[in-house]
Every structure is written in C-alpha cells, then in structure tokens.
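Chain B is already provided as a structure; the job is to place chain X on it using the hints.
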Amino acid sequence: MADEIKIGVYICKGCGLGERLDAGELETIATREGKAAVCKQHDFLCSADGVATIQKDIDDEGVNRVAIAACSRRAKTDAFAFDGVALARANLREGVIWVRPDTDEARETTQEMAADYVRMACAELKHAKPPAPSEEQGRNTHLLVVGGGVTGMTAALEASKAGYPVTIVEKTGQLGGVAGQLWKRIPDRAPYKEPADTGAAALAAAVEADSNITVHLNSTVTRTSGAPGRFSADIATESGATSTENFGAIIQTSGFKPYDANQLPELGYGKSPDVVSQLELEALARAAEGGPIKRPSDGKEVKSVAFVQCAGQRSQKEGHLPYCSGHCCLTSIKQAMYFKDQNPAVETTILFDDLRTPGAGGEDFYRSGQDKGVTFSKGEVSEVVAGNGALEVKFKDLILDEDIALSADLVVLATGMVPNSGVNIEAEQGSVEVPVESILNLDYRQGADVPQLVHGFTDSHFICFPYETRRTGIYTAGPVRRPMDMAQAMEDAAGAALKAIQAAENAALGRGAHPRSGDLSFPSFRKEGCTQCKRCTVECPFGAINEDEQRYPLFNESRCRRCGTCMGACPVRVISFENYSVDTVGGQIKNIDIPEEFDEKPRILVLACENDAYPALDMAAMNRVEYSAFARVIPVRCLGSVNTIWVTDALNSGYDGVILMGCQKGEDYQCHFVKGSEIAQVRMSKVDDTLQSLSLEPERVATYEVAITDLHRAPRLINEMAETVEKIGMSPFKF
Amino acid sequence: MTDVVATNQTILVVGGGISGMTAAIEAAECGKDVVLLEKNPSVGGRVSQLYKYFPKMCYPSCGMEINLRRLKAQKRLRVITMAEVTKIGGGPGDYTATVKIAPRYVNENCTACGECAAAVETEFDDEFNYGLSKRNAAYLPFNMAYPQRYVLDPRVIGTDDAEKAKAACKYDAIDLDMQEETLQIKAGAVVWATGWKPYDAGKIQPYGYDRFQNVITSVEFERMMDPFGPTGGKLVRPSDGKEAKDVAFIQCAGSRDKNHLAHCSRICCMASLKQSTYLREKFGDDGKATVYYIDIRAIDRFEDFYTKVKADGNVRFVKSKVANITQEKETGNPVLHGVDTEGYERYSNPHDLAVLAIGMEPSVPKGAFPMEVVVNDSGFIEPDEANGGIFAAGSASDALDVNRSVQHATASALRAIQVVNRVAGAEG
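These protein sequence lines are chains B and X, in that order. Note that this note's numbering has the first sequence beginning at 1, numbered continuously upward. Note that this note's numbering has the second sequence beginning at 1, numbered continuously upward.
If you're looking for bench data, these hints aren't it; they were derived computationally from the structure. Glycine is no exception: its CB is placed at the ideal position from the N, C-alpha and C atoms. Check the hints yourself; a few may be wrong.
[As the list claims (entries may be wrong)] For each label pair, taking beta carbons as the anchor points, the in silico distance ranges come out as:
| # | chain 1 | residue 1 | chain 2 | residue 2 | range |
| --- | --- | --- | --- | --- | --- |
| 1 | B | A386 | X | D257 | 46 to 56 Å |
| 2 | B | E238 | X | D257 | 51 to 61 Å |
| 3 | X | N324 | B | E380 | 23 to 33 Å |
| 4 | X | V4 | B | E238 | 47 to 57 Å |
| 5 | B | K294 | X | N324 | 47 to 57 Å |
| 6 | B | N343 | X | N324 | 34 to 44 Å |
| 7 | X | E385 | B | D371 | 24 to 34 Å |
The following block holds chain B by itself, in its conformation from the complex (with noise of 0.2 Å):
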C-alpha cells in the first residue's frame, strides 16, 4: 500500500493562466491520459488557501504524487514545497503562455503546448518516488587533516573549536611547516606597519594542548579509501608502525616547497653563497636573533642587500613558474624591514617590474616600508655577478632607461611556491618525468591524489565556489590550492574546515553536497543488466564509482554528486535515481501528443540543462521573449545525464528535432559537474549514426552550449530549430 502511486494535478489559473488556457481540457488531460486520482483548479494556487488545498489532499486522501500545473519550478517554492510526496512542476506559465503571443491564432497551440506539459508532469511521476537516504554510512566527524603547517594547524584548531574532533598527520618531525621556518611574518593587524610574530610556535603549542586534536608527526598517509563519513586512512610513521583510522571527511593542507632557485644560474645562486632565496634569508636573519644579519661567504655584516623579485616567476621560460606567488612583494618588504630594524644605515633595494601589495594592509605596509627608506626601483633584472667580495646585479631601469650595476653585499631572490599537490593524475601517460609521491593514495579507480587545476595547483575552478572539489569530502586549502600568503592561508583553512564538517554530517543524512546540496537521491543500479563496459566509472567526474572484486561498478552514495553522468553513460540502462530515471525523461518524452504528419505542428525536444539554460529559458519568458510553440523542453540535471536512448526514443517517437542545451565546456568550462556538458557533446557526436541509420537528416539533432545570461539567445536557437524543420520537411516517423 505504502508504494501506490496516487497522483494529484492542481491546475492555476493565477497570472493569466485561466484566461489564455482551458483549465477545463487540462483537467480532462490530467485525469484521463495522465491517470490522476485527484485533479482540481484553483484561481490562485500559491496563495495559502491553495497551498493548504494540496496539503489536505496528501494528508487526508493519500495523494503521494503532486503536479503543479502552474509556473516555474525556480518560482514559488516556499509556497509549493510539500514534503514526502514526489513534486513535478508543469511550466504553464514561464513555459508556455509568457513565450506565446496572446493572439486568436495562437490559442490552440498554446493550448496544446500546456497539455502536453501536464500530460509529462504525470508521465514523471509515475516513475518518481521521493527519495530516501541511503544510510551507507553512520555519522562519524572525526577530520583528517594532511600537513601540518599553518594552514594544516589552523583548519584543525578551528574545527576543534566548533566541537569537533581532528588528527594531523605530518610527513616531517614538527609541526609549523614553511611558517615554522620564517623569522617575522608581514602583520596582518593594523596598523600593518612591523613584521610580526609568526605566530607557527603558539599554534604548535595550542595545537599539543588540544584535546580535540591528534598529532602523527614523521607520518604519511599511506593508504585512503571510502566516502564521506566514511573514510579510512593508514596512517604510517617513518619508524614502521602503521595504524588505521576512520574519518569523515579530510582536509589536503600539504603546502608548497620552495622553487628549486638552482634553475637561475644567471642570478647567481648557485654561484655565490651570498645569492640567496627568500626562504634562506629567513634562516640568516633567525641566526642573528634581532643582530645584524651576517653574509654565508665571509661572515660579514650586511651593508647592503638587493632583493630581486619575480625571480623565475611570471615567466614563459621552460623552468620558470608562469604564475605569481602572491605574497613576495610583501615578504620583500618584510626581510628589507630586517635589516632596517637594526640598523637604517643598511641599503636596502628592491627590484621589481610591478609590485603587488593589495588590500588596505598591503599598501600600509609597503608605505611603511617607504617610511623606513626602502628603496623601490622597477627594473628587469638580467644577471648577478659574483666579483671580488660583492655582488653586482645588472638591471635595466625601467624608469631612468638606463642600464644599472648595483652593488650589493647579498642578494635575495624572491622565487616562487611550487605546491606539494601529490600525483598528477591527469597527466599523459609518460609524461611525467621525476615520478611524485602521493600525498593521499586514494584507493580511487581514478588516480591516487585530487586532480590539479593549472600549474600544479588543486584549485577549484570555480570563481564563486572556492570550496567545490572534484573529490566529494577532500578539501585542499592553503597554497596546496592557490598561491597565498600566509593571512589567506589561514582564512583557507577555516573556509575548508567549515566544508568538511558540513560534508561529514551531511554524509551521515545522506545529503548531497554542492551543487545539488541536500539531494537524498542517489544512483542505483541493476547488477543483472550490466554488461561491465566501465563508462560510468570511467565517466563520473568526481571519481565516485570503484570497482569490486568481480569487476563490477562500486557506487559510493557520499562521494556521488547526484549529476547523472553516470545514468547517461550506461549503454544498457541499468542506473537510475529514485526521482530522476531513464524513464522519468524517457516517459516524458514518450508521452506528449504527437500530431500527425499532415497537421503541420513538428515537435522539437529540448533538453535543457537546469543550470544555465533552462535558467536562460525562464527568465526569457519573463521579459516575454517568445519561442516556437512546438517546443517541448524537459530540465536535466546536467546534459551528461542525458542517455542517447532519449534521443533515439524521441526520433523514433516521431520528433521533428531535438536540442540539447549545456553549459560551457573546454578550458573555461562553466559545466558544474565539471565534464558532463562536454560528455554529452562527444556522445551526440556519435548519434549521427544512429540517424543516418534512421535516415534522418543530421540537423535534427543538435547540441549547443548556452550561458545562463543566453536570454535571447536560447529561444532564438529554438526558433532556429523549427524553421530547419519547416526547411528539411517533418519526421517520417510520426503514426
């Protein structure tokens, strides 16, 4: 009984619906074709009389299944949210009369275009049931922190100070990372004038004292598998002792190491002991202990020091790092400041092309390094001798147009971070030359560590979704991520412990995480049917699918995020959410009403990604673009979802042309589940096949990328899809 599907069609006839529409056919549609047990219209469905109408149904007669025969399922959701009941949302409104002129003419297409909305309203819910959660895994909110440096300490001190438990695991003897190694810090209080404590030692410190918190030092992570809330680590330390822990969910803060300075000969590292990094003037001003800083070569007082910046950064040469690491400017200014703290007679210079100090502490510090007579010159710098006891740094002034040797006792230079961002594993076969260990190991069919973005960095791709990782339940944060200074790096850290305490308890409610946060659905599949061809495996962006002993996909619901690619991969059909199917589409499309051949009315299908395009769609009907009335669109989660059977069943149903609309693909992708939108462009690419095997023109089908702001565009490219109908003749399917 619990399983019977009783559906109930509630029709408005608010916002101009009752006047451009006859209600009274929907319902006839709704209640014969559809099979709805219960069918009513309301004058204005989402005001609190006829939301209550609804309710009353789902509580006193049972109804389980709801259509919404009214506007926009982006419209009116507190108004339409019932809970415990599958929800389809008929657009009649931003779908149908706002895109159809309200002339004579039109009346009985637009009717027609409304009832084939309900009709597929109905057709979704006999398929759909309200999901539930999986329970694959219990709660457990112990974090896993990789690194421990400052980014790695902070993300742990602060999800301890929300309540929650955490272990470090750290590859070296101590924690503190390159922080640990700094003299001062640049401020990042006001009046941002001195360089600061680094602060690495306190939050050593309050880190051991903490009894939320788990330190490993000399330890890897040897071995990571599972999901969100349910991961598992071996964690090993260097003596050979090797435990395992379960966590729910791991934060990546591995750090960077230092550009290998040895690829700049021409400055001279390499050359002179007294040409050093930035990160080995630290070591030289912490032995001076507040004294005068001491050249490497001789012992000597520091007179005079240059520091070049952007050595080998921001540069195409094969070596060089084409980024900027964010904060040398910053940190230049603070090492000048070392030397003009104990002693102003010093000659400080800095060499720089553009100096970067942003924000309001930026440019305070670097006026106070001003203040302390720094010297700021911007000049390329094109090589460093080693002479008699000095150095000479040869530099054109961009400024005076001049060719320049300066003089100095030491030269620091300011090169970049390269992040410690384990196995790339998108790398070509072969390409690698210097194998890399794996910071992770993940047991993942997918490769052994999160994938990299650009330039060796785990960034997400994302400009407003710092956080949204391809690896459900592993966030990286701190320069592992994107090259930062140390203030970002602990803002990071936080940013990322607040996602991972969300992904583990969201884990344990079987919630979704971003984009579709809170989803319970999750994909099931039918083991008999599969055929092991590993599409869906190899496909899903986020590595969510293992393999079992018997070779057969192992889904992981926590590491899922709800796209769909999968269930479009499958050439058997064997997967399927409880709320959206092969058959939740598959019978929407199967059920509109497909006029004959001779009534001169085709039928265009639109599957519309409901990210970007079936956004662009709604918001074009509310500034009244209009679009051919043969359009039936159809929302899907992601165009990686989408199945060619759909396509084949709409040819073959008797459609005169089907559209898939995504979102941005490439380098710039827009895509939010990363690859579906260019998935389902190779798959479509490989449907003209199937329509020259139909005989079909291969114009019938087409593919495009459209942008959320499309608002004229998207209709236009329906509008185009008809006349190419009304061009190439209708389907020869139709019955």
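Positioned in the frame of chain B, the structure of chain X alone reads:
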C-alpha cells in the same frame, strides 16, 4: 507583522550580497538556524551588477542561480529584505539585533506577473544601473531578484500611481498601508557582510568625473555591457551615444592615495584587464584599450589572465599616474595628461571614453556601525577578539575579489558556528 523565530543558537547574517549569502547558506547546510538580512528589496548585492567575472569571463548569474537554489532549499534559512540593523546589543552567545524593516508595499501574494508595472507610469533613476537609466515605480529589481516579488517605490505612495498599481493586482499583493516595522532578533553570533560601495569619483577633482560626461567609473562601464542594462548592451559615450572604441582605463583612481582612499582595492587591475576584453568582444579589431597604471596587480594565478591580455596587440600599457583630464570642446573626447614614467615622455592623449578604475570602500562608514567593532584606518573590520561573536565576511573585512570573498565568508560561517555550538553545548 513579520514573524521571526530566532534564539541564541541562531546565526544572524547582515547583508545579502555574495558574502552574506554564502555565509548564510554554508551555515544552514551545517544544520544551523540562520536569519539573513538584506537592506535592498533583493539579495544578490553588487555582483549582480557585474557583466562577467575575471579571469574566467563567466557570468555572475550562473553562481547566483546555484546559490539561490541552495538558499531556497534550506528551511532553516530565513531571508528578510528591506531590513537594516539599527543596533546590536548583548555579547557572544546572546545578541539582540534591532532591525528596521522598510515597507515594500507588496506582500507575499505577489506572483511577479508584472501587471502593476504595466499600469504605473512614474519613473525614477534606476539604482541598479547607477542612475544611468530609469525604472518604473513598480519594479522587480533585476531578472534574478529574490524574493521574486515586486517593489513599489515609496515616493509614489499617496499618488494616483499607487492606486493604479493596487487596482491592477489580481492577488491583493499591493498593500499601500504597509508600515515600517521594528523587530528584535536574537542571535548567538553575527556575520557582518555589508560589503562595499564605489568611491565617489566626483571627489577626484583633476579627473573631472563631475564635469565631463565621457569620464565614467568602472562600475558604470560594467553596467553598459549588460544587454538588460542602461544602454541595451552597447558600449557608447554618454555625451553623444557614439560607440566608445578607444577607451582609457585609469588605474588607482582615488586609491593608494592619501587624499582619497589609502588602500589598494585589489580587484581593479584585474577588472580593467577584464573590461579591456569587452572592447574586443564588442568591436573586434577596432576596439583599443590603454591602461594607465602604477603596478598591475594580477596576483597569484591571475597572472595567466594578464599574460593573455598583454598578448592582445590592441591593449597598451602606460606606466603613469594620470595627472588630470580635460575635455576637447568639439568632440567631447576626454584628454588624459601625464608623464609616461618609462622614458619620461609627457603625453596628452585623447580617447573616446575614460574609465576610472574606482576603489572599493566599506559601505558602512567608520563611525556608523550599530555596534562596537574594531575597525582599521581604512574602515574595514579587523578580526579582533574584542568583536566577540561578531565576524566580518567579505569586503566588509578588506577589499576582496569574489573568490576570496566567498572563501572569507565560508570561514566566517565557521566562526559563527563555533559560537552557537558553544551555546548549544552549554544549554545541553
């Protein structure tokens, strides 16, 4: 009367721009009760006024759509618009915020059908377009406004237009008698996300923003690119409507300057680089940009974008702080005067349009916070322990780009959660 259920385990977020929305959503998705207050009729903030984001050149409404979906799905997240905080009293774990809610004159019955706007005739300067165009007195702030509910400008109350709006509405959504309300909202922690406003370019006397029509700000230039913006997506000169193909971008206009804003706003270099690509987008090879700069701050991996723009032969870089701008009488062209410091050549360069890369200043001025909070010289909120359970998020804390604002807001959500979890622990 607006009904709000809030306790000292509630997180109050002040400001519904991208930082406030992020903090609110992230906290709610951790299972916390959140109240999000926004002064304007819609959430979205200044990013909704941008055409594209650097460096990906993607559309702000894309991320906004996802955030709105996440927001709508959170039953524990309550959004209140037209709301301003006038006072916050109490301490961490036990705050009370006094909130003034201005009347929208439109209630929740509104279906955004647009009939009221069709009936009303009065127009006002459109704030969304920085006053560059007009909007109806009955309006939806922008296509993706949330709540998806119209607003009636208070200046038409008592006039015929107000009655016309009421008569046009079939759902009894126009309430001309709506009054200002004051609420007391309890909270355990507060996330302060009031963002930024563009520095008043009129104060930069030598640049003539207040005297020359063809000297505009970067935020105004950005609005022009929006097909739904003040010029229908055309890049034109305000003086004569001619296409602006040769555009000068003046960096650090009013920034890094003791006479104006001492701080650097971090984003303006990238924003101008982004805007230089708009010229190519609109005019192809005919579009020319000249960037007058002190230091190009394309920091960290944003350097890739700078490299790409530098490779475009139509973008020229001049290391110079522009001294002043005059106007050619016959053409209306702004003429930039200064010294190109790489070589010390004086210049007097005419362009079609001059765009001032204006700085960001905190939208709440230093003395105007309704609570005790530690603020630095530039007016940004410092992360000081004395702030207790009040945490800045986004550009209220420092000049930040979108990506860092979201990062910062996510961190602020955690700090707020730490406070309310302590309260929850204490209350058993």
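Quiz item: Can you give the numbers of the hints that this structure goes against, from lowest to highest?
Solution: 1
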